[in-house]
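K.L.:
Okay, here's what each chain looks like letter by letter:
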Amino acid sequence: MGAAVDHVTAMGMSGGSAEGNDKSQGQRFSCKSKLTALVVDNGGVCRAIQTALLRSYGVDTEAVETGEAAVELIASGATFSLIIIEMLLPFMNGPETAKQIRAMGSQSKILGITAFFDERDQQEFLAAGADDFIEKPLSPEIVIPIIRELDN
Amino acid sequence: MDVVVQLQRQLADHTASLFHEGFLNDQFNQLQQLQDESNPDFVVEVVSLFFEDSERLLNELAKALEQQAVDYKKVDAHVHQLKGSSSSIGAQRVQGVCIPFRNFCEEQNIEGCLKCLQQVKHEYSLVKNKLETLFKLEQQLIAAGGSFPTL
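Chains as they are written, first to last, in full-length UniProt numbering: chain E, 1 to 152; chain Y, 1 to 151.
Chain Y extracted, bound-state conformation (with noise of 0.2 Å):
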């Protein structure tokens, strides 16, 4: 079989997955929109990003919880960032988690933050593994002498 069309098989279910499972929103569509021939990186550049805020934000929420005294105010913040930057690109279920994430910080119920920064950790690295393979997949294909659609 042609390994073109076998990598736009694998990309095409790949994608269709992500979308199913609620690992990404229609947001992520928008994104490849914003992908052209001015703008050609344009996904994997905000996707990196990501990754990279959502890295840092993660590291600053779990140090923040782990004070003696915890600024709930900074928590929050972060966890503004991080709904911010997640629905933006349309990482769903990583935003999901920031709404009972900001519940319990306005209640200052620890128990409850602790709970939601494991959740969001986990999340976070299932979406980035996907995405990751994603991008990963679309580059064997160009290698391969292939394009995939960006609609």
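Looking at chain E on its own, in the form it has when it is part of the complex (with noise of 0.2 Å):
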């Protein structure tokens, strides 16, 4: 069954800006167990601020720009606790990718991140093996639930 399109979900954790990463309190959240991701988006900006974001967590993180790249790595034998693709990618698209990804027997968690929220994308992607959807941008309140499950 495809899961829920993510949203905040209060886990507990104070609202505003600082879930999570409240500096000022000098710990921010760390994932405890070894964890890998992958970024998949043809645009720098995101790919940084996506890389950067789940870095700062302690998740050993890489970057592509296209669907092709993410198939080549993972047949390579790379493996990955998360895999956060973009819908609209210049050749393969998102579903596409998540679909050949999974097809090479593939346990990663598979996040599909789009600009605009569309329910046929969402619905395309689902299907094609994601187990989420959601607009960007890559905020705490999404990565944080996701590092805890994927942790445990």
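These are calculated hints, taken from the structure and not from any lab test. Some hints could be false.
[To be verified] What the simulated footprint calls covered on chain E by chain Y, stretch by stretch (three residues with Cβ under 8 Å from a Cβ of chain Y suffice, anywhere in the stretch; the number is not a length):
| no. | stretch |
| --- | --- |
| 1 | 120-132 |
| 2 | 137-143 |
[Said to hold, decoys possible] As a list, the in silico BS3-like pairs of lysine-lysine whose alpha-carbon atoms are at most 30 Å apart:
| no. | chain 1 | residue 1 | chain 2 | residue 2 |
| --- | --- | --- | --- | --- |
| 3 | Y | K73 | Y | K136 |
| 4 | E | K99 | Y | K73 |
| 5 | Y | K128 | Y | K73 |
| 6 | Y | K136 | Y | K74 |
| 7 | Y | K121 | Y | K73 |
| 8 | Y | K74 | E | K99 |
Since the structure is predicted, the reported quantities are computational estimates derived from the model, not experimental observations. Just so it is clear, CB atoms sit at the ideal spot from N, CA and C, and this is done for glycine as well.
Take the two lone chains, each set in its own frame, and fit them into one complex as the hints suggest.
P.N.:
Okay, structure coming up:
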């Protein structure tokens, strides 16, 4: 059954921008186990920000520009706890990329991401094997619960 | 009055107005949270990337919209990227114009698209200007021996 679209979940955290990363308390949320992630996005700004966000939580993160590059990386043996895939990639689109990754037997958590949320895109992505589908920007509210889930 | 205190005040006021006037939203705060000793220039780097990217996209959009036979799929792809990047750095007003832009694109409404292109160019140049001022104030503050909170 397709997962619900991820929205802000109140996981017992205080509201506002300091969720889970309040540096004034000297503690930033960090993952417990050795987690890895792959960001697949043809936009440099989004790649940079998503990568930095994940790394800030201790997740070993790589980024590629195309679905083809992601598939190649995984075909070469790389495994990731989490793969974030942009919907509108230039050649092989997001859902097609997810499909090929799943076809290789990958059990990674796959998060589809897009600039404009669209139900048809959501359906397409989930049918292709993504676990979730959200609208940009990637935020702590989205990422922290995912990391917690992967940690357990 | 101590020049450091003066600059801190200017910086705080300028930053506050950026949020108050809706140029930036909380996502920009998230970027500042990602800046630390291991990543000391993160915000400036990412914002510079945003400037380069946006200028390229705006040029591509202008070119695409002046074709005889407009390729709306291409236009949509550019608007999609612009919304994605602007939302990721918290450039709220730029992000906002992308929404009607995309709708006009879906309707293949050339007039609407051209109008949105003008609007998004305008919003982009406003936020670019204000961010450049922000960074300049930060530099002046550091040069004067002060520092600024990244929260």
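K.L.:
Please work out if K128 (chain Y) and K73 (chain Y) have their alpha carbons no farther apart than 30 Å.
P.N.:
holds (27 Å)
K.L.:
Within the assertion that chain Y covers the stretch 120-132 of chain E, do at least three residues meet a Cβ-to-Cβ distance smaller than 8 Å?
P.N.:
Our answer is that it is violated, as 0 residues pass the Cβ test (under 8 Å) against chain Y, missing three.
K.L.:
Hint check: K99 (chain E) vs K73 (chain Y), CA-CA at most 30 Å. Holds or violated?
P.N.:
Measuring from Cα to Cα gives roughly 23 Å; hence the hint holds.
K.L.:
Holds or violated: are the alpha carbons of K74 (chain Y) and K99 (chain E) at most 30 Å from each other?
P.N.:
holds (24 Å)
K.L.:
Measure nothing beyond the straight line between the CA atoms of K121 (chain Y) and K73 (chain Y); if it is 30 Å or shorter, mark the hint as holding.
P.N.:
Judged against 30 Å, a Cα distance of about 20 Å means the pair holds.
K.L.:
For the stretch 137-143 of chain E, does the count of residues with a C-beta closer than 8 Å to a C-beta of chain Y reach 3?
P.N.:
Coverage by chain Y holds for the stretch 137-143 of chain E (4 residues, Cβ < 8 Å).
K.L.:
Going straight from one Cα to the other, do K136 (chain Y) and K74 (chain Y) come out at no more than 30 Å?
P.N.:
Not OK: K136 (chain Y) and K74 (chain Y) at ~36 Å, beyond 30 Å, violated.
K.L.:
Assess, step by step, whether the Cα of K73 (chain Y) is no farther than 30 Å from the Cα of K136 (chain Y), and give holds or violated.
P.N.:
The given pair, whose Cα atoms are some 39 Å apart, is violated under the 30 Å limit.
Hints 1, 3, 6, counting from the list given before, are not met by this structure.
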